[in-house]
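There are 4 protein chains.
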Amino acid sequence: MIAGRPIAFQGENGRTFDNRDTPKITTIAVNFLTNSEQLEALLPERFELTGTPIVTVFASYMTEIEWLAGRGYNILGVSFPVTFKGERDHVRGSFLTVLWENLADPIITGREELGYAKIYCELPEPTVLRGERHCIASWLGFKFLDMTVKNLRQQSPEEIAAFERSQTGDGVLHYKYIPKTGEWGSADVAYATLTPAASPNRVIKERWVGEGRVQFHKARWEDMPTQFTIVNTFYDLEIKEYRGASMMKTVGAKDLSDQRILR
Amino acid sequence: MIAGRPIAFQGENGRTFDNRDTPKITTIAVNFLTNSEQLEALLPERFELTGTPIVTVFASYMTEIEWLAGRGYNILGVSFPVTFKGERDHVRGSFLTVLWENLADPIITGREELGYAKIYCELPEPTVLRGERHCIASWLGFKFLDMTVKNLRQQSPEEIAAFERSQTGDGVLHYKYIPKTGEWGSADVAYATLTPAASPNRVIKERWVGEGRVQFHKARWEDMPTQFTIVNTFYDLEIKEYRGASMMKTVGAKDLSDQRILR
Amino acid sequence: MIAGRPIAFQGENGRTFDNRDTPKITTIAVNFLTNSEQLEALLPERFELTGTPIVTVFASYMTEIEWLAGRGYNILGVSFPVTFKGERDHVRGSFLTVLWENLADPIITGREELGYAKIYCELPEPTVLRGERHCIASWLGFKFLDMTVKNLRQQSPEEIAAFERSQTGDGVLHYKYIPKTGEWGSADVAYATLTPAASPNRVIKERWVGEGRVQFHKARWEDMPTQFTIVNTFYDLEIKEYRGASMMKTVGAKDLSDQRILR
Amino acid sequence: MIAGRPIAFQGENGRTFDNRDTPKITTIAVNFLTNSEQLEALLPERFELTGTPIVTVFASYMTEIEWLAGRGYNILGVSFPVTFKGERDHVRGSFLTVLWENLADPIITGREELGYAKIYCELPEPTVLRGERHCIASWLGFKFLDMTVKNLRQQSPEEIAAFERSQTGDGVLHYKYIPKTGEWGSADVAYATLTPAASPNRVIKERWVGEGRVQFHKARWEDMPTQFTIVNTFYDLEIKEYRGASMMKTVGAKDLSDQRILR
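Protein chains in written order, with the numbering used here: chain P, 175 to 437; chain Z, 175 to 437; chain R, 175 to 437; chain D, 175 to 437.
Incorrect hints may appear among the rest.
[To be verified] Just a sample of chain R residues kept apart from chain D, beta carbon distances all over 10 Å, derived:
1) Gly-178
2) Asp-195
3) Asn-209
4) Gly-225
5) Arg-285
6) Glu-287
7) Ser-312
8) Val-346
9) Arg-387
10) Lys-414
[Stated by the list, open to error] Quick partial rundown of chain Z residues pointing at chain R, CB under 10 Å, derived from the structure:
11) Ile-239
12) Leu-242
13) Leu-303
14) Gly-343
[Said to hold, decoys possible] Footprint (simulated), chain D over chain P, 3 or more residues, beta carbon under 8 Å:
15) 232-240
16) 402-413
Honestly, the hints are just simulated from the structure, not real lab data. Note that the coordinates shown come from a computational prediction; the quantities given were computed from them, not determined experimentally. Just so it is clear, CB atoms sit at the ideal spot from N, CA and C, and this is done for glycine as well.
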């Protein structure tokens, strides 16, 4: 079946996409050092924090997406380095604790096909003022994030190549959970998934490094009744020290058909 | 676990809602006679078309929803009468082929907890002009539905009571489907679910009957790449004859914890 | 000429509207006592503060507007009692310092035909939770107002009639200002206007009184570059004491063709 | 006074903007040959159609706008070549019959300070699919324009220089009209204005030429009650032959303080 399409409307499209010169993606990311204890509290079973407890908050602004007939959408994620130690699989990578997106269609398929922890928020284009880029995120009028990067210095092709070589993890880790209808508390689906690191079509066109700041805003239940616990978890994360920020422009992607269950 | 909340952010809220005087819902519905064959093509296994092939297109505009801290959202559904003949369960009701909603948060939980075939679209408030109410639905700027009701006549309390007695089905039927990650074509979840008809807190405050018209607009893949097959299925449905339209105002709801799997 | 329509596209519509059973308007208002000095600083020439310096912040949620073919839109205003002492006219009423609206079309005609100080913001429907109604206003993601009313008590027909008799001013006062192109600092138009109080078609259907709170949020230039001085003026207004809040449902309006220049 | 800011909130900002490396603008334009008679019907007094009756429909997507603290917005205009023969001024340029914008703040100041015939619509980013760029425009859910460009060929620096030399008009012409309040049918302001062609900070970074198509969609009064006559005027314009299309990326702008009245 085609995920995210009600059963009444299946039937093949027969479309394939090459994802070669598109999509175009600009990603802004800020890293900070925090407490191991606070991150460990977020881990599912069989996940362990790996190395220095550095959190990455990133926002990607995507255009020319072929499977959306050339439209774009934006995403905002929070991740940190982990190891998954399963019965079969032993992988190291980034645990994507949550991924906000500003369009429901990829949220549905991303959650159900791939196991991404996608939820919704508003993600307008970043503002750019005298060299400072400012990303915001809000939910029905409540702004829960300000993230800025500035003093960006463009990297040389050699520096970009070195950056690519430094990306050595196995990929991005997720935890797919679908409750069992009517048997509240038990699950239809509960497993970790992996987005393997390889993305042969993706090319980094430009990359900058600089300084960044992240500020989550404390939400009351009334402000974000479905998401306040998530936002407040990040609000409560201690920022011991910023560890760099970046902006990167890439083209190309993969269709994620290599997404797989970790056991 | 709390559905729709990433695993990293579980932890109880301890909130309960009584759903007694809220939400407030205005529902506009139009019915038409179509071909049995066209509806049968939409049925999952073990579902059968029941009685006259009458399709109902309905839009509900909801406010004062307690679990959204008093916000509202809108929905648009298409259903027709079916019987589910399972190994254990034998139920009669409406098959909700698709339910569009204009807010992602209830789409996620509705799909994953309850098995509703929810997807996203824009659903602005209906316009009201000289007695005609006009509902529209669009997706990223492509309007795929115009639905109007007019010549509405308000019903007496006796007529409303008679209408309520005439609602004899077992409830609303759904088909929950979640693909298995990485094993494309096979399923993690594939079962029918039932929303039982009983909704003790719901009270019909006012109801009108009149004339209505429904027009789905043919979409190209480029117009609605994730949903064009759905919209075009309805565009292709023959409208042999309209079979009445209504507007209804209700207060109260249930928390849907009685949703159950059909076997 | 038809205001707000470019000169290239004039030509009569021939439409008239009776504004009798529509629009339907729900207005939430909160009053507070402040400093005379702070209000006097906001007054144009020939305007004087009258009586007790009580500011009213009101939000109206309008549906079934005939000239918008049955659509609705929402407004948010701030006013206080003044007297205009012109050469010819001597009128007493409310000075509408600013009127935010969430639709550009009536902003344009309201400014240019009528002299209203209309500007744009987002004005979602108020939330309603356990008897508390909560209005918010934002501009491109920056929320600049929270206003709540609660403990509302519905008034009797006699109380509503008494309320109507107590409304004795001449109407709502505005200041229309249009700069002269290219002669920066001088004006094409600079005069006060009056919306006379009479609105024969308007009927109060229901009214409640209760308690309210208003909170404007301090904006940086970066948050609201076109409006931060406005929002900060209200943020700085001392709230000495709240002086009641109300909610009111009305039907009917007037076409404002009685709007006139004050001299 | 500062235009578009209510009189109660004047007071200087003291901000100046250099508009040198920003804004960044991508403009897509399609030209077509039509009937002289149809264009002449759109001309105000003292305007004459000049040369071949070629209409340009253009959409600009702007980011990093300094006076909006780094935000962006989008515009859609329709223009054709004219001569203005006033008592004093005799200028040749493009008459901008209407300019849609998707943000109210610049609409207000553009109309009142500058005399631009700005009105509101929704203008999402164009989609880009296999080399075809597709612009749409809608108003509260009614899509009134599809415009596409394809087979784009990038121009050399020499071709761009030649293009710049070919732009010989005096600028863009407008007609500013503000009705007199209460004296319906007479005007406070009625004069032509000019945006002089010179824009020293603007640099064309890249330019492409190719094929384009424009389709306005017929609107009923119910679809666009404030704008249907405008859209239908363009819908009715005969497209005798397309005369090229282009895409252009520019940086830099001017503050429009050279805007002046034509007499």
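Hints, verified against the model:
no.: 1; hint: Gly-178; in the structure: violated, 7 Å
no.: 2; hint: Asp-195; in the structure: holds, 18 Å
no.: 3; hint: Asn-209; in the structure: holds, 15 Å
no.: 4; hint: Gly-225; in the structure: holds, 18 Å
no.: 5; hint: Arg-285; in the structure: violated, 7 Å
no.: 6; hint: Glu-287; in the structure: violated, 5 Å
no.: 7; hint: Ser-312; in the structure: holds, 14 Å
no.: 8; hint: Val-346; in the structure: holds, 13 Å
no.: 9; hint: Arg-387; in the structure: holds, 23 Å
no.: 10; hint: Lys-414; in the structure: holds, 20 Å
no.: 11; hint: Ile-239; in the structure: holds, 9 Å
no.: 12; hint: Leu-242; in the structure: holds, 8 Å
no.: 13; hint: Leu-303; in the structure: holds, 3 Å
no.: 14; hint: Gly-343; in the structure: violated, 32 Å
no.: 15; hint: 232-240; in the structure: holds (count 3)
no.: 16; hint: 402-413; in the structure: violated (count 0)
Hint compliance for this structure: hints 1, 5, 6, 14, 16 are broken, all remaining hints hold.
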